[in-house]
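S.K.: Those protein sequence lines, which keep their order, are chains W and R.
Under UniProt numbering, the first residue of the first sequence carries the number 1, and numbering increases by one thereafter.
Under UniProt numbering, the first residue of the second sequence carries the number 1, and numbering increases by one thereafter.
Please note that the accuracy of each hint is not assured.
Remember, identical chains collapse to one label, so a pair may be satisfied in a single copy or spanning two.
Claimed, not checked - With a cut-off of at most 30 Å between alpha-carbon atoms, the simulated DSSO-like pairs for lysine-lysine come out as follows:
1. K130 <-> K152
2. K31 <-> K157
3. K23 <-> K76
4. K201 <-> K31
For the record, the hints were derived by calculation from the structure and aren't laboratory data.
No experiment lies behind these values; they were computed from the predicted model shown.
There are 2 protein chains.
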Amino acid sequence: PGKKVLIVYAHQEPKSFNGSLLKIAVEELTKQGCSVTVSDLYAMQFEPRATRNDIVGPLHNSEAFNYGVETWEAYKRGHLSKDLVEEQKKVQEADLLIFQFPLFWFNMPAILKGWVDRVLVQGFAYDLSKIYDGGLLQGKLSLFSFTTGASKEMYSKEGVSGDIRYVLWPMQHGIMHFCGVRVLEPHICYAPENVSEEKRKEMLAAWTQRLKTLWKEEPIDCSPEWYFK
Amino acid sequence: PGKKVLIVYAHQEPKSFNGSLLKIAVEELTKQGCSVTVSDLYAMQFEPRATRNDIVGPLHNSEAFNYGVETWEAYKRGHLSKDLVEEQKKVQEADLLIFQFPLFWFNMPAILKGWVDRVLVQGFAYDLSKIYDGGLLQGKLSLFSFTTGASKEMYSKEGVSGDIRYVLWPMQHGIMHFCGVRVLEPHICYAPENVSEEKRKEMLAAWTQRLKTLWKEEPIDCSPEWYFK
Numbered sequence: 001p002g003k004k005v006l007i008v009y010a011h012q013e014p015k016s017f018n019g020s021l022l023k024i025a026v027e028e029l030t031k032q033g034c035s036v037t038v039s040d041l042y043a044m045q046f047e048p049r050a051t052r053n054d055i056v057g058p059l060h061n062s063e064a065f066n067y068g069v070e071t072w073e074a075y076k077r078g079h080l081s082k083d084l085v086e087e088q089k090k091v092q093e094a095d096l097l098i099f100q101f102p103l104f105w106f107n108m109p110a111i112l113k114g115w116v117d118r119v120l121v122q123g124f125a126y127d128l129s130k131i132y133d134g135g136l137l138q139g140k141l142s143l144f145s146f147t148t149g150a151s152k153e154m155y156s157k158e159g160v161s162g163d164i165r166y167v168l169w170p171m172q173h174g175i176m177h178f179c180g181v182r183v184l185e186p187h188i189c190y191a192p193e194n195v196s197e198e199k200r201k202e203m204l205a206a207w208t209q210r211l212k213t214l215w216k217e218e219p220i221d222c223s224p225e226w227y228f229k
Numbered sequence: 001p002g003k004k005v006l007i008v009y010a011h012q013e014p015k016s017f018n019g020s021l022l023k024i025a026v027e028e029l030t031k032q033g034c035s036v037t038v039s040d041l042y043a044m045q046f047e048p049r050a051t052r053n054d055i056v057g058p059l060h061n062s063e064a065f066n067y068g069v070e071t072w073e074a075y076k077r078g079h080l081s082k083d084l085v086e087e088q089k090k091v092q093e094a095d096l097l098i099f100q101f102p103l104f105w106f107n108m109p110a111i112l113k114g115w116v117d118r119v120l121v122q123g124f125a126y127d128l129s130k131i132y133d134g135g136l137l138q139g140k141l142s143l144f145s146f147t148t149g150a151s152k153e154m155y156s157k158e159g160v161s162g163d164i165r166y167v168l169w170p171m172q173h174g175i176m177h178f179c180g181v182r183v184l185e186p187h188i189c190y191a192p193e194n195v196s197e198e199k200r201k202e203m204l205a206a207w208t209q210r211l212k213t214l215w216k217e218e219p220i221d222c223s224p225e226w227y228f229k
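So that you can see chain W by itself, here it is in the shape it has in the complex (with noise of 0.2 Å):
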C-alpha cells in the first residue's frame, strides 16, 4: 500500500494477452493501494532509436558523435530531450519496475529494447564505478513478465531453446542488476497462443494470484548461478 509501480509495456493490441496481463496487473496493484504507471510503449509511439536528437542544444563534441558521452553530458546539464526525461522520471518515483511483454527472438522487442537504451543513461542509472549492488537504482525492484512463441519443453535444458533463463541473464542481470535492481522471480507465460482458452484463464489467474502476495517476495540472487547453474 503506498508503493510506486512503473509498467513498462510493449504490446501494439490491448486485446491481445499481453494486453490482459497488463490489465490485470493494474487492476490488482491499484486495489491494494499502490499508485500504477504504465509506459504504453506502442501507444506513445516511443522512440527506440538512439540518436543525436535525444540531446537538446550543442553537443559535446559535434566532431564524433558518441551517444554514451553525449547523453551523460546532457544528462548532468538536464539537456536530455523531454520524452526521455519524462521516463526517467517515473523510474525514479518507482518502487517496483514491471516489464510486460513478449518475448521476440530470446529478447524484448526493439520498441522497449530502445526504452532501456535511451532511459537508463549514465549518471542516471549507473556511473563510472557505480554499476551491479553500487548502481544508482538501488532500492527499487524489478520484475521481467513476459510470453512466448514456444514451449516450455522446448525452453528447458535439454530442449532446442536451452533453458529460459539463459535469456533472461542479459535482461535481469545485464540491465536491471546493472543498475543496482533488485530482480524478482521472472513471470513467464508460455505460448498463449497455442493452449486452449481454459488454460489461458489459469494462466490470468495465476498472475492475479502472484500478485497478491509480491510484495512479500525475496528477490533472487542475481548470479551466474540462478541462471547457468
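Model the placement of chain R on the given structure of chain W, informed by the hints.
M.R.: Structure of chain R alone, referenced to chain W:
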C-alpha cells in the same frame, strides 16, 4: 571471390571505431572480389518498431492485431512494407551476414533488434517446423562483430559481467541458428574507448587480418556446450 556479403551496421557516427571496422570489412571483402552490401541502419533511419504499418493493405484479422500472424500472412501474399521487402532481398542474396554494432545492455542496439524483429518474419526466415537446423535461411553464414564498453576481464567467467558467451546465446543461437544460419566465431573488440591509440590500431589490424582468411573458417558448434560449457 564472387561471394555476397550483407553487413547490417548500427552506429550513428562514421568516424567511430565501429565505423572503422565497417570500412575495413567493406574494403577487404571488396578487394577479395566479394560483392558487399551495407544496411546502414541509422543513416537509413530504419524503423525498429513492429507495427501495423508493416502490412500494406487490409489486415488478416483487424479485430485483434497479432504482429506475428499478420506479417506471416502479408509475407505469403506479398503485402509486407517496401523497406522490409528490400531487406529480405538483401538477406536472401547474401552468403554471409555480418552484424557490426556496439553492444548496448548485453545485446544489440534497439535499431538493430528492430531489423531482426521486422525482417526475419515467419515464412521468410523460418516456418512452423522449419527452425534451427531446418530453418529457411540454411546455407548462409553469419558473424557478430561488436565493440563493448566493459573490459575483457569484466566479461569473463569470474568477472562481474560474466562470460561474454552468455550474451551471445540469444543473438547467435536464438536468432541466426534459429533461422538455420551457421555462425562463425564472433569478433569482439573490448572497450576500444578505454585503450591506447596503438591498441586500437592493433584491433583494427586484427580485423583486417581475420577477414583475409574468413572463408576458410569453420562455423562454431552452436549448441549450449559452446556457450555454457
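S.K.: Run every hint past the structure and note whether it holds.
M.R.: Consistency of the hints with the structure:
For a Cα distance limit of 30 Å, the shortest separation of K130 from K152 across copies, 18 Å, qualifies, whereas the shortest one inside one copy, 36 Å, does not. Proximity of K31 to K157 under the C-alpha cut-off of 30 Å is found in neither arrangement, the shortest distances being 38 Å within a copy and 44 Å between copies. Taking CA atoms no more than 30 Å apart as the test, K23 paired with K76 passes in neither setting, with 36 Å inside one copy and 34 Å between copies. In the homo-oligomer, the alpha carbons of K201 and K31 lie at most 30 Å apart inside one protomer (20 Å), although the nearest pairing across protomers, at 59 Å, exceeds that limit.
When the structure is compared with the earlier hints, violations turn up for hints 2, 3 and for no others.
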